[in-house]
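Student: Single-letter residue listing:
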Amino acid sequence: MVGSSPTMTPDLCAETVESPMSHLVLDGLTKRFGGFTAVDAMNLSVERGEFVSLLGPSGCGKTTTLQMIAGFVDVDHGGIRLDGADLVSVAPNKRGLGIVFQSYALFPHMTVAENIAFGLEMRDIAKADRDRQTLAAMELVGLKGFADRYPRRMSGGQQQRVALARALVIKPALLLLDEPLSNLDAKLREEMQGELRQIQRSIGTTTILVTHDQHEAMALSDRIVLMNQGRIEQIGAPHEVYDHPASAFVASFLGKTNVLAAAGDGQGAVTVGDFVLPLPGAGKGPLQLAVRPERLTFALAGEAGLEARITGRVFQGTHWLLAAESAAGTLTLMRGNDGAAVPGEGEMVRLRFSAADAALLPAGAAA
Amino acid sequence: MSGVVTQRNAPFLLTGPALLVFLGLVIIPLGMTVLLSFYDWGQYKGIVPEFTLKNWIEVFTDSYFFEIFMRTFRIAFLVTLAAIVIGVPEAYILNRMSPAWRSAFLLVIIGPLLVSVVARTLGWALLLGSTGLVNQGLIALGLIKTPLEFMFTETGVVIALIHVLIPFMILAVWASLQRLDPQIENAALSLGAGRLTIWRRVILPQIVPGILSGSIIVFALAASAFASPAIIGGRRLKVASTLAYDEFLNTLNWPLGAAVATLLLVALVLITVGSNRLIERRYAQVFE
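Here the protein sequences line up with chains L and S, keeping their order.
Using this note's numbering, you'd call the opening residue of the first sequence number 942 and step up by one each time.
Using this note's numbering, you'd call the opening residue of the second sequence number 4 and step up by one each time.
Among these hints, one or two may not hold up.
To be verified - Among the chain L residues that face chain S by a calculated CB cut under 10 Å, a handful are:
#1 G1012
#2 F1013
#3 A1032
#4 K1035
#5 Y1045
#6 L1047
#7 H1050
#8 L1061
#9 M1063
#10 R1093
#11 P1113
Said to hold, decoys possible - The following label-pair restraints were derived from C-beta to C-beta distances:
#12 L:A1088 to S:F69: 44 to 54 Å
#13 L:N984 to S:P102: 29 to 39 Å
#14 S:V111 to L:E1136: 48 to 58 Å
#15 S:P208 to L:G1000: 31 to 41 Å
#16 S:E283 to L:A1088: 19 to 29 Å
Because the hints were derived from the structure by calculation, they are not lab data.
Since this is a predicted model, take the numbers as computed values, not measurements.
All C-beta atoms in this analysis are idealised placements derived from N, C-alpha and C, irrespective of residue type, glycine included.
Make a model of the complete structure from these sequences and hints.
Tutor: Put into structure tokens, the structure is as follows:
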């Protein structure tokens, strides 16, 4: 592909939309384990310097994808290209990718400095250079002064930093993160998220993160790749996939969502229970709408709305979570803790939402 | 006795029964054996309970005993070395097998332990004899002209002992391999290390504790093995344990046999504890 003319033939473009500056390209990547298809014809292009998350439930193929990029799992079909060059035929120890493992996989018999210098040593870098780069990497991740410690004597967060420094010191073309924060407690995880993002920005290494934690994916990524059963469900910026889920799966996987049974009249209006809402593009007949709990509001006096009965409420500090029963199904709604009165259990309310807050789910998608 | 269990006496009461068994079955017989080694013995007077150092002087000055002890530890050392060379890669392969194959091969590996020591050793005698399968095979292949001497040689004893003791090495190393982070090889691979480097720099240092404990077991069992040296080594090729046996049951010189047995025990303890200390210090980080 290198050196080919910039104008691609249309049939090539149809399969993979590949901008000329794409850094990493997965092209029809497929992996089967026996009869089980772990990754099914996956296409993805990642720009240089981009932070992309592969997000999905366990068994969705995200880890297998990462392992194919790393070279730990053989590719059945399709290709992986880095800067236009084929990566599949390159041995895993020649790919030069930085990887942070879920368990960190530090070498327990080596000090922090020895762990970090290992990759440099494998590259036959002279001792003086090695020491200098190791020190710089330790400074980058905030581990100055820990050179002679052994990993066992460090906290989870510190071990994580060692793993990151060890992966970054070899100046990898790609940084692969395999659920790197899942072993940390909630507070530390948040801290590390910020730091990880800041480090990635400052060095500009293209990064692929595998995670099942949507908050982590949303906090860190430029783009999220939502995967389910070996297939990509949706690719987009965090707020895009959150606000405009392409499928019921995405809508229900990312955050809380209400899937409402509705009916279209074929002329740009839908009826949800007794609430009629103009929604251009809605077809005729039964359809499904996804509405986020935080986008459901109470109708003012005289306004139209969906009749619902509050069946439960839970206080969560910054907000209330309310459960309500309506003709369109059970709903969850969220009220900010702003001092206003919150309806109690058993009260009847009228709920409304704007057309912009409702995502129309594809026909036939299961709720 | 008041029968009151207090914080103070509870540990003693709880460990008491086991302590008594240990005392009665290990410490007292051992103490009596040590004591016996200082008794006098004569062809016609038998064992005389008089303190004397003559058994110990004999053991330490007679080159006959020195030769036997040297042979014992040479055999034990060679068996241990072979167990490491064969057993460590075997444990590594075992660890990488799929669970179904692994349980099948685990059975193969501990197989020698399931066979009676006499039957197993006689089996080796059949294989290793001058007209045994091994020699016939080698002659048929044209590799040798005259049969190799396995029976009544150290080589034969070493082969038979490797066979039965290698499971201990494999199981010990396998246990330490299981404690490795399953991603650690991938981590080294991603950093650019080749297979051999990964083995030498990452895997091996981490399984040293397993190799050490395997070696201690194998060395101690090889040095004190009785049946294999007795059958394959025969009457001529004596080791410490067969020597002690002969002193006790043939010559009936119990005090001298006791001295040999005590010396074997003390030497074994010194060697294993010493090498343990040495290696633990060298690989301090992986022993935590």
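Student: Give a verdict on every hint.
Tutor: These are the hints, each one checked on the structure:
| no. | hint | verdict |
| --- | --- | --- |
| 1 | G1012 | holds, 8 Å |
| 2 | F1013 | holds, 5 Å |
| 3 | A1032 | holds, 9 Å |
| 4 | K1035 | holds, 7 Å |
| 5 | Y1045 | holds, 8 Å |
| 6 | L1047 | holds, 8 Å |
| 7 | H1050 | holds, 4 Å |
| 8 | L1061 | holds, 9 Å |
| 9 | M1063 | holds, 4 Å |
| 10 | R1093 | holds, 6 Å |
| 11 | P1113 | holds, 9 Å |
| 12 | L:A1088 to S:F69: 44 to 54 Å | holds, 51 Å |
| 13 | L:N984 to S:P102: 29 to 39 Å | holds, 35 Å |
| 14 | S:V111 to L:E1136: 48 to 58 Å | holds, 51 Å |
| 15 | S:P208 to L:G1000: 31 to 41 Å | holds, 35 Å |
| 16 | S:E283 to L:A1088: 19 to 29 Å | holds, 24 Å |
The structure meets every hint from the earlier list without exception.
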